[in-house]
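Asker: In order, the protein sequences belong to chains A, B, C and D. The first sequence stops at residue 342 when you use the numbering used here, and every number in between is there. The second sequence stops at residue 295 when you use the numbering used here, and every number in between is there. The third sequence stops at residue 503 when you use the numbering used here, and every number in between is there. The fourth sequence stops at residue 318 when you use the numbering used here, and every number in between is there.
These are computed hints drawn from the structure, not numbers from a lab. Treat the hints with care, as some may be off.
What the hints assert, rightly or not - Quick look at which bits of chain C chain D covers, simulated, 3 or more residues with Cβ under 8 Å: (1) 59-72; (2) 96-106.
To be verified - Example chain A residues on the side facing chain D (calculated, C-beta under 10 Å, incomplete): (3) Arg137; (4) Ser263; (5) Leu299; (6) Arg316.
Cβ atoms here follow ideal geometry from the backbone N, Cα and C, with glycine treated the same way.
Below are the chains, spelled out letter by letter.
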Amino acid sequence: MTGATLLRRIAPQLLTLAAVIVLVSIYYPAFYQIVYVNDRLVGIPIDVIKRGAPVALLAIGMTLVIATRGIDLSVGAVMAICGASAAWSIDQGYGIGAALGLAGAAGLVCGLWNGVLVAFFGIQPIVATLILMVAGRGIAQLITGGTILTFDSDTFSFLGSGTLLGVPVPTVIWILTGIGFGLLVRRTALGLLVESIGVNLRASTLAGINSRVLLVAVYMGSGFCAALAGVIATADIRGADANNAGLWLELDAILAVVIGGNSLLGGRFSILASLLGAMIIQTINTGILLAGFPSEFNLVIKAVLVIVILVLQSPRIVPYLELLTTRRQRVKAPATKMEAGK
Amino acid sequence: QTIGFSQIGSESGWRAAETTVTMNEAKERGIDLRFSDAQQRQENQIAALRSFIAQGVDAILVAPVVATGWDSVLEEAAEAEIPVVLLDRMVDSSPDLYLTAVGSDLVHEGRVAGEWLVSAVNGEECRVVELQGTTGSSPAIDRKKGFEEGIAGADNIEIVRSQTGDFTRTRGKEVMESFLQAENGGADICALYAHNDDMAVGAIQAIKEAGLKPGEDILVVSIDAVPDIFQALAAGEANATVELTPNMAGPAFDALEAFFADGTMPEKFIQTESKLYTQADDPAGEYEARKDLGY
Amino acid sequence: MLLSTRDLTKSFPGTLALDRVSFDLKAGEVHALLGENGAGKSTLIKCLTGAYRRDSGDILFEGEPVFPQSTLEAQAIGIGTVYQEVNLLPNLTVAENLTLGHQPTRFGMIRPRATQALAQEMLAGYGLDIDVRRPLESYSVAVQQIVAIARAVHLSGRVLILDEPTASLDAREVQMLFDVVRDLRVRGLGIIFISHFLDQVFEISDSLTILRNGRHIATHPAADVDRMQLITLMLGRELAEETAVRHRPEVTGTSADAIRFTGVGRRGRIAPFDLTVRKGEVIGMAGLLGSGRTESAEVLFGAVASDSGTVEDASGPVDLRNPRSAIAAGFAFAPEDRKTDGIIAELSVRENIILALQARQGWARPIPQAEQQRMANDYIARLDIRTPDAEKPVGLLSGGNQQKVILARWLATNPRFLILDEPTRGIDVGAHAEILRLIEDVVAQGMSILVISSELEELVAVSHRVIVVRDRQHVSELTGDDVSPDTILRAIAAPHTTLEAAE
Amino acid sequence: MNIRALPLYATIAIFLLAYLVCYLQFPAMLSTRVIGNLLTDNAYLGIVAVGMTVVIISGGIDLSVGSVIAFSGVFIAVLLRETGLHPLAVFALLLAITTLFGAAMGGMIHLLAMPPFIVTLAGMFLARGAGYMLTIDSVPIDHAFYETMQRAYYLMPGKGRLTLLGGTMVASVILGMILLHRTKFGTNVYALGGGEATARLMGVAVGRTTVLIYAFSGLMAGLAGIVFSVYTSAGYPLATVGVELNAIAAVVIGGTLLTGGSGYMFGTLIGVLTMGLIQTYIVFDGTLSSWWTKIVIGALLLMFILLQKGLLRLRLSH
Ligand SMILES: Nc1ncnc2c1ncn2[C@@H]1O[C@H](COP(=O)(O)OP(=O)(O)OP(=O)(O)O)[C@@H](O)[C@H]1O
Ligand SMILES: Nc1ncnc2c1ncn2[C@@H]1O[C@H](COP(=O)(O)OP(=O)(O)OP(=O)(O)O)[C@@H](O)[C@H]1O
Ligand SMILES: [Mg+2]
Ligand SMILES: [Mg+2]
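Given the sequences, and given the hints that come with them, work out the whole structure.
Answerer: Below is the structure:
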């Protein structure tokens, strides 16, 4: 993608993010303040990019899954499993390397499970991942024994609350993961192949794409991202909370992907745009906390903001907005679903 | 004897401990305990109670997820002559419909916490931030109400920010971080009141990461008395916690035994103690005593 | 005038699909709409029926301007349409498909019996004896097409529009359709007929309208133009040389470098058969609809794994477990149903062209952008694919151009054995000749080709030998002088062939 | 035999088989009590699943229903507490609101061409948020009419109760069957599920149908809310979290394809009863810890779906 087309692709997300920030700073004018104290950057924007880490990570994997016309409802539960595995192995004294390895492996295995159900057993993605969504928390609790499994390891908790050059480590992790996945899919042909199976699985298989293996790989990627998110969540509170880690985060992740302008019907995707979507959601969440409304208003505010964003980004509205903003020639509306499509 | 136990879920360490303690108590007494986890949903609990009745158990323990909505199923149990004992939370139904209720008074817990804070600040100006439990849950509502009652007389104490932390560590930490941001890096906060210890533990980390000393710069008071908060108390990072004992089943089984033996009707409400623990109450020892209870 | 358009204009991003087109349809005439792939025929139809919103211009129905916003409204006026590509709803029963929107009801409840009776009645006259209670998807494409026609005919009180209705019909069914059309013409309906089969056009039409690049070129009474004139009008130039019906001698090349299929087949789909494919050979495959030609092709390509037999070439056994291994072995397969099996609608023309090559190279070795661009532009030029640029999503191309993109995809892999299932279906005369020439070219370079086609002339023109398939069995192989439309027809015509679809 | 009905037959067979297995282990499972409970306890789920079935067959999904049930309970409870309205009047008002709510979601889905998953997800937040705004307490409902409704049951031999709620569910399923299989609207729903573009070209009024589908789902969610409020005689904004997923699971177990276009209303009833059966079995067993409960539910869900797939493949290959 050239710079211009990339910018055109993510422009709606950038505008939305800007708008949300402006909105928040109306209620909380000190929003932009960032100071450098105790070797770390402190400020609301820093909070946002730190707190947004789990959703951002989940959104990376979710983007790929959704690009294949799937959905992964299990990521929250997978976070819990991986966090619990990591905490367990630290607790057993196996050290941080083993903990990370175990968490990563657990995430990959969960992804493998989902992927096999979808690709080889032909179970519909929502149902296939619903199974792990339900059972996964049970597995996580099995590991923690139902308690919040706490541990004492400063190296491990560094992953959750440490900083690198003043930047929170979770932020560094999601940005690096985003870049890593971005390069992986765009510098190789993976991105094209994923988009292809998302649009037309049958035709792609006939064109020689190994769609089953690719599907499994995509779900494993999602599992791996969930593992990273789970590690961060666990390290952050120095304990594995099997019940609450990542609870309902799958919905936020899906929302992030959609706000990122990716179609739930599969096909074209942009990880960068999903990450922006995740930041939009986190800005809303943080903004609600800062604004100081009674907490019973939280959901309604979030719902209304999300609806407004979605309406403004909807394929039916975007062309009009583009006409308003760029009054030059008639621009292509990439998001427009083709009329003659399926 | 077969006794059915309908538990709310396993959403917190405290509840896991309650489950463990109940199972242990049952085992000690040779009771065949049928356990059912309702995954936080009342409809599952009602269905479980109905199944217990259909199965013909001798008695039912239930930790109701919410106070309302129990009338008809309790009536069914009464018709089937199965005594029901409520654990740790109350219901709105007529007391005739259950044998007894074992629990603590949630409002009272909040009040104890509030009163502690009043005495701790000793008349100085104090801006308090509050971490609420899950919006709409009865502990969140009652503990908020109790705390407000506890500080009602003290004009020097004011709740400046109150948000839900969903009873979890993660959210406790996250919300505390934004409180700290919003209150001048935490300099304007004098105390934290958390509806449970888990949120307090998360918040303590947030306070530490912001470069402040929890327990000194910001007073921390919370409820439940789970093991981890005693560690914090021992380290001087928390100041007080109000105990909610997980052993509700012991008194319940006692009452049931007496009832089965000679029909003794227990009191309608068996209140457990809401003991206040501070740094002075041998937190290290308390931690050791609790750490294996399944919290 | 029954139905007219005045200066109808419709543009899509990057394409002016209709440029001030005026068109008149009289009552009681069959009016053929002709043009190359992408000329705008389907678009014109869709504007007429409200499926697309026109940019400007008028539509007049009996002189009154009308503004159909949806097919529903068009139906209310009495316009029945068979759209190109859009079949019916495969998940509904035949009866439901036929009666959708006008089911007989009582007190708001559908009467199943009456619905079925109505459906039977609608199908009467098409020689179709099927169970209307079964889902449409259990019947072959041809049956589905006839059902679509029956539905449109029933809905067309005043106007009937047929967009390439005969593409998947055999000669007998075409005649049946024409009988119905003639009958409707007598009853005073106006009928718009689109087809790339010029013989059919001349057989049934009263007048012809030719579109080119979205513009109205000419309208003539059918009797006034001849074939060559018509082609010249459509293409805007003379067709260099119309492929003559001729047949070539059998390739007697060494069978050493041949691919030998022995006893491959699939239970319930195609009986085991033998086939030897020599280098530089074109094998035709003929048969009625539903005879099992597609099934043969699928087995040959590994799209459906064979459950018997062996495949070998000079270097030993060939692995054909799935399309991927077949492609690795140098096979290629352009399927018959391009919409579900061929195109990746949302991806660009470029990406569709390089897809198979990329899949074969593996994900880790992406084809460089510049190379992709070069390849795409090369094939767009070579196959004359009508698209504003290589980045247009292929789903937005016209039907025939999509077919060419699929062809380009497989040529790009430079296969040694190319299977083409109905490669010229829905393709205009110009492109038709182009594709036949292309086949000649690649065969000259040593590629082997299997062509499945319902057009016997075409088969005879390109094939060295022809395999005839009947009732899911390979019944005969015609070589040398036996390859002629006549002999093929005789081989196909088995005593008991009926149109009834198999179980 | 009708090929399309195969998943339905598979579902029924599996349900009966599972019931037999349960019965062999716990004979009390066949008592009228358990059967009565199965209907009553799953009444709200069954009703909401009727709406969900229509939505899913049309190729959509409705994630808002769980929240709408909770909102309904709160709305009824608060209105009964604050005003002197008769419950029936409140019900009418509520059903109007939830139907409009559903219609609004359907309208957004159609007009803005947005995926149902996302629109109804926002609806889910909105409905629960609206519940919170009414009250965060659980509000008891104390009304003679509610008592009457709760006491309206037929005592079967063996003390099993055939309740008004269970009856309402069965009636809803029958209504759903008629709507889906016997009306033009129903055929349009299948048509949409078969392919929206094609359906449009065949003259289906896609917009109107979409709005009606989600309105119907909203109506059923409202009705489920009423049933739930009778069931618990209270309104509670935190109630029925995640019920939408149960409903989807029930519909899928009932043999309806999530991709739309195929399925039967009766299958959904079986799906709901199957879910209830799993729940009952776990309670009867009574030895599963909290976490094993979750794992077992997941495993059983998987087993049902695989069995169904297996049976289908078996039948189709013959
Ligand atoms: N939905 C659409 N979006 C963008 N472009 C379109 C769309 N539909 C058609 N076009 C373009 O409009 C032009 C006319 O297409 P149309 O389908 O009308 O051709 P046609 O004459 O029917 O060709 P064919 O014989 O191949 O069916 C083509 O260039 C095509 O790419
Ligand atoms: N999935 C299926 N299940 C059952 N029968 C099928 C299925 N697919 C196709 N058939 C039947 O198999 C027969 C062969 O169909 P098909 O149309 O592919 O044959 P063909 O010889 O390639 O014909 P053509 O290519 O001319 O349409 C038809 O009778 C069709 O009804
Ligand atoms: Mg066309
Ligand atoms: Mg075929």
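Asker: Look at each hint and say if it fits the structure.
Answerer: Against the structure, the hints:
no.: 1; hint: 59-72; in the structure: holds (count 3)
no.: 2; hint: 96-106; in the structure: holds (count 6)
no.: 3; hint: Arg137; in the structure: holds, 6 Å
no.: 4; hint: Ser263; in the structure: holds, 7 Å
no.: 5; hint: Leu299; in the structure: holds, 3 Å
no.: 6; hint: Arg316; in the structure: holds, 5 Å
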